[in-house]
Amino acid sequence: MYSFDIERPTSVADAVAALGSEDAQALGGGQTLIPTLKQRLASPSALVSLTGISDMQGTTSEGGALRIGGATTHAAVMAGASSYPALAALAANIGDPAVRNRGTIGGSLANNDPSACYPAAALASGATIITNAREIAADDYFQGMFDTALEEGEIITGVTLPVPEVANYQKFVQPASRFALVGVFVAKYADGVRVAVTGASNEGVHRWAEAEAALSSNFSADAIADLTVSADNLIGDLHGSPEYRAHLVKVMTGRAVKAAF
Amino acid sequence: MPKDGGIGAATTRREDVRFLTGKGQYSDDIRTFGECAAVFARSNVANGTIKSINTEAAAAMPGVLAIFTGEDFVEVGGNPAGWAIVSRDGEPMKEPKRPVLAHGKVRHVGDAYAAVIAETVQQGKDAVEAIEIDIEEHDAVINMADALSGTNYVHDEIGTNQCFDWGWIEDNRAATDEAIKGAHHVTTLELVNNRLVPNAMEPRCSIGHYNTGTGDYTLHTTSQNPHLTRLLISAFVMGIPENKLTVIAPDVGGGFGSKIYHYGEEALVLAAAKKLGRTVKWTSDRSEAFLTDAHGRDHVTKIELAMDKEGNFLAFRTETMANVGAYLSNFSTATPTFLHGTLMAGNYTVPLVYVNVKTVFTNTAPVDAYRGAGRPEATYSLERVIDMAAREIGMDPTELRRKNFIKPDQYPYASAAGLEYDSGNYDALMDQMEKVSDKAGFAARRAESESKGLLRGFGVNAYIEACGIAPSNLVGILGSRVGLYDAATVRVNATGNLSVMVGAHSHGQGHETVFPQVVAEMLGIDAQSIDIVHGDTSKIPFGMGTYGSRSLAVCGSAVVRATEKIILKATKIAAHMLETEENNVEFNDGTFSVAGTNKSVSFGEVALKAYIPHEFPIEAIEPGLEETAFYDPANFTYPSGAYCCEVEIDPETGKVSVDRMTAVDDFGNVINPLVVTGQVHGGLGQGIGQALVENTTYDDDGQLLSASYMDYTMPRADDLPFYTVDHSMGNACTHNPLGVKGCGEAGAIGSPPTVVNAVIDALQSGGKNITHIDMPMTPHRVWSAMQNAK
Chain A
685 MYSFDIERPT SVADAVAALG SEDAQALGGG QTLIPTLKQR LASPSALVSL
735 TGISDMQGTT SEGGALRIGG ATTHAAVMAG ASSYPALAAL AANIGDPAVR
785 NRGTIGGSLA NNDPSACYPA AALASGATII TNAREIAADD YFQGMFDTAL
835 EEGEIITGVT LPVPEVANYQ KFVQPASRFA LVGVFVAKYA DGVRVAVTGA
885 SNEGVHRWAE AEAALSSNFS ADAIADLTVS ADNLIGDLHG SPEYRAHLVK
935 VMTGRAVKAA F
Chain B
2 MPKDGGIGAA TTRREDVRFL TGKGQYSDDI RTFGECAAVF ARSNVANGTI
52 KSINTEAAAA MPGVLAIFTG EDFVEVGGNP AGWAIVSRDG EPMKEPKRPV
102 LAHGKVRHVG DAYAAVIAET VQQGKDAVEA IEIDIEEHDA VINMADALSG
152 TNYVHDEIGT NQCFDWGWIE DNRAATDEAI KGAHHVTTLE LVNNRLVPNA
202 MEPRCSIGHY NTGTGDYTLH TTSQNPHLTR LLISAFVMGI PENKLTVIAP
252 DVGGGFGSKI YHYGEEALVL AAAKKLGRTV KWTSDRSEAF LTDAHGRDHV
302 TKIELAMDKE GNFLAFRTET MANVGAYLSN FSTATPTFLH GTLMAGNYTV
352 PLVYVNVKTV FTNTAPVDAY RGAGRPEATY SLERVIDMAA REIGMDPTEL
402 RRKNFIKPDQ YPYASAAGLE YDSGNYDALM DQMEKVSDKA GFAARRAESE
452 SKGLLRGFGV NAYIEACGIA PSNLVGILGS RVGLYDAATV RVNATGNLSV
502 MVGAHSHGQG HETVFPQVVA EMLGIDAQSI DIVHGDTSKI PFGMGTYGSR
552 SLAVCGSAVV RATEKIILKA TKIAAHMLET EENNVEFNDG TFSVAGTNKS
602 VSFGEVALKA YIPHEFPIEA IEPGLEETAF YDPANFTYPS GAYCCEVEID
652 PETGKVSVDR MTAVDDFGNV INPLVVTGQV HGGLGQGIGQ ALVENTTYDD
702 DGQLLSASYM DYTMPRADDL PFYTVDHSMG NACTHNPLGV KGCGEAGAIG
752 SPPTVVNAVI DALQSGGKNI THIDMPMTPH RVWSAMQNAK
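Chains as they are written, first to last, in the working numbering: chain A, 685 to 945; chain B, 2 to 791.
Bound-form chain A, shown alone (with noise of 0.2 Å):
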């Protein structure tokens, strides 16, 4: 690790401010980031935590949706979101306690970790990522694996996520790092059915738009039997090849549809 300095801000606007400075970087819960550290990977200037801003922190229910505040962590989406229990069952699935209790939500998505869970659950839910600047549609959020639509400086303050009538997530762990080797969210609405997948592709997650169609006329397991998933640019390594995931895709979906409610 090489030496940075940090900050402590208490508003969104002092967290703003203070990552003006040249070579400052957000720190979520660092799950990510203090990792990259310890291995000389990276030299910010400073560090700016934004686990101490209140309006970040926590679970709202906002009519049909449910709001998350950008530095809430795993542990507390796990004990908040009872009214997203898809969700809830997510992020109690992330990792193990210590991530649970020090990773963020804000921190997945600005991450966009190609296997990490949570870009999954927000692009299947057809989330609002917001920033302290705008509000960002999931679909415009996600441009490719570490990739997004954040601009130098931004911030997540929060995501809504509207509330499915039925959603379930998939996760195939890759051994290791347990992180999704596949992992596969389905979130049924009344205007119809989304699909999100993760950990496989080398564009991170994505929409799989052939099973959203199936799925929308026919919410079973068997009406996505005849549909096959393309090997084509999904991710080889040593924990399985793009085969291996494409054949997971589709069983991840079959059994997140099985196991919806």
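Source of the hints: derived by calculation from the structure; they are not laboratory data.
None of the values given here were measured: they were computed from a predicted structure.
Just so you know, even glycine gets a beta-carbon here, dropped at the ideal spot from N, CA and C.
Careful, some of the hints might be misleading.
[What the hints assert, rightly or not] Derived coverage of chain B by chain A (criterion: at least 3 residues anywhere in the stretch with Cβ under 8 Å from a Cβ of chain A; other residues may be distant):
id, region
1, 692-702
2, 712-718
3, 775-785
Following the hints, put chain B in place on chain A, whose structure we already have.
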């Protein structure tokens, strides 16, 4: 008699109080006034010639005290291999120098070529980044077959990548070939025994200290055998006289073999301490541990089993390539040979065995003994090919094993691989395994799994292993450069309590609990009044440390011998105190008494008399009550076992879950059943880890792809079932005074083939013609095998 704390008592481990309450004292916990830090510059290429190293800029950086490169150690010795192997053609093995720091060439990713000594670790890391090294990179030598056939050498000076080509038993070669040629049925299997990273919870740490006033060195280090480390540093590497070097291995957080060996970092911190007159500490980070701790296993083997038409075994023949990595680690030549080839007759009455092992240098981390060390490789090869043979000839795998087992009335039994087994009863172990595992209920459990869409398999295994490698005379003939005895000093203090100094080293084994149980039983006193001292060469007699499940069988026997001497002397003192002849004195329950009278003295009274020798027959008996014994065993010990497991496979994903695991072991006599159970649990976890998840992977350039826990899979609690562990069927070892055999590695030896056999059984039950999948049987591998079998 202290039955609550003596032999057989399942007492909880006394050392756990400090381990579980954060009071352990590990090397890195030690803080010394004025200490500074060593940080190593490590190669990021696998194979390269060092053209130049410029340390000027680094040396000028804040806090930097000194910088060492390979040039500074040209005059000192290399880190030697502890066992000399002779090739089939009579040629001695190739033994290239292993320097303290790489010189001339770097030979694996992580190979240290320089070290910075700085006031702080951070300053040292900054300076390491400022060292300019010009490396001419060469193609990496990774694949063993390519290494043997190619001309790109890890060590140019030896002109080959083959360390040796070993045959065992060479005189049996022709007869074995003949038996296989004429056999009714031959089963052939090619398999990989996958490379493992040891992953001790505590990474290595070494602290060098030099007293400028006395010229004495002290090394605190994470070692399983401090005396051996001192000997290597003194006699081979640094030339520091043994009397001027103290090696202390305090609490050590696991080793699994990887902390047997002397590593260059230990020599470096001593050299730096002398140069600077400062205490120099190096603590490995986890990345360094992945790259530089000696790895385990890494064999590629072809095994053949020849049988007659009744299924009687006629011969085993194996050809193995064993990776030794870039340099010879201390036991790297013994592990794939005498700890492997000698076990290749297994539990069986097979008349012929021939083992060929070619060891191969590659541009990877050194490979050496890892929990089991050679025996897991032997057991895996045997028990996989036997399972495959049973399926080929349509015989139940258990029945085929039973048919060929050595029977209880055949001991001592001279195995076809050159060992003399002293005791065992493999059929009885198998019977017990079938009983406690509820094998009879398997069919119903399989039906239940199938109703959930899962495949269920039953796998079985019988193993024998060899612990407490010995005797010194024999291992010397076979090439060992050390003896393999151990030592203990029993010191009875004046007030009747005891300190027992042992050559074994506990880094998780529970010696502090178990050894006192032995002494307490013999002396009839409370085990709590006995403490073990270990890990400090200035305090303990010269013992060989802990590995190969030797502690109790070898060092425990030394403890027995020393305690017997204590009893002999105490009896003399008691006879004097009781005013009788020695042969009239009886010793029971901690009390010396005169037969047929009510005259007695307690052990404590005798101890006090020994140290306050008033009215003492000083002309006949020395004062004091302290005895030392060295014990050199007559033979190995031979634990054996029958294991089974049941797995479930999700055919849609290839995911294997171990649902039930049963280990029935013959460990001979058991001193502390709770500690033994814990050892078996740990071994099973490591074995299941090898079978299912642990995936050391180098790419063609020699980069370790599985170099962190993000990619190297360790087994976790939810990967493991509840175990059924049974060690009630022990047959006492016939040649050591405790009748004990050794339990530290059994679980890791017996479980991998058990799991693989169960997976194959499950897949075949699902109609898949799959006869073998290499470990680790990850979901991806199992799924791929199922696709290819379609």
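Hint by hint, here is what the structure shows:
Note: the region 692-702 of chain B has 3 residues with beta-carbon separation from chain A under 8 Å; the three-residue rule is met and the coverage holds. With 4 residues having a beta carbon nearer than 8 Å to a beta carbon of chain A, the region 712-718 of chain B meets the requirement of three or more and the stated coverage holds. Here's how the region 775-785 of chain B fares: 5 of its residues keep a CB closer than 8 Å to some CB of chain A, so the rule of at least three is met and the hint holds.
The structure fails none of the hints (numbered hints given earlier).
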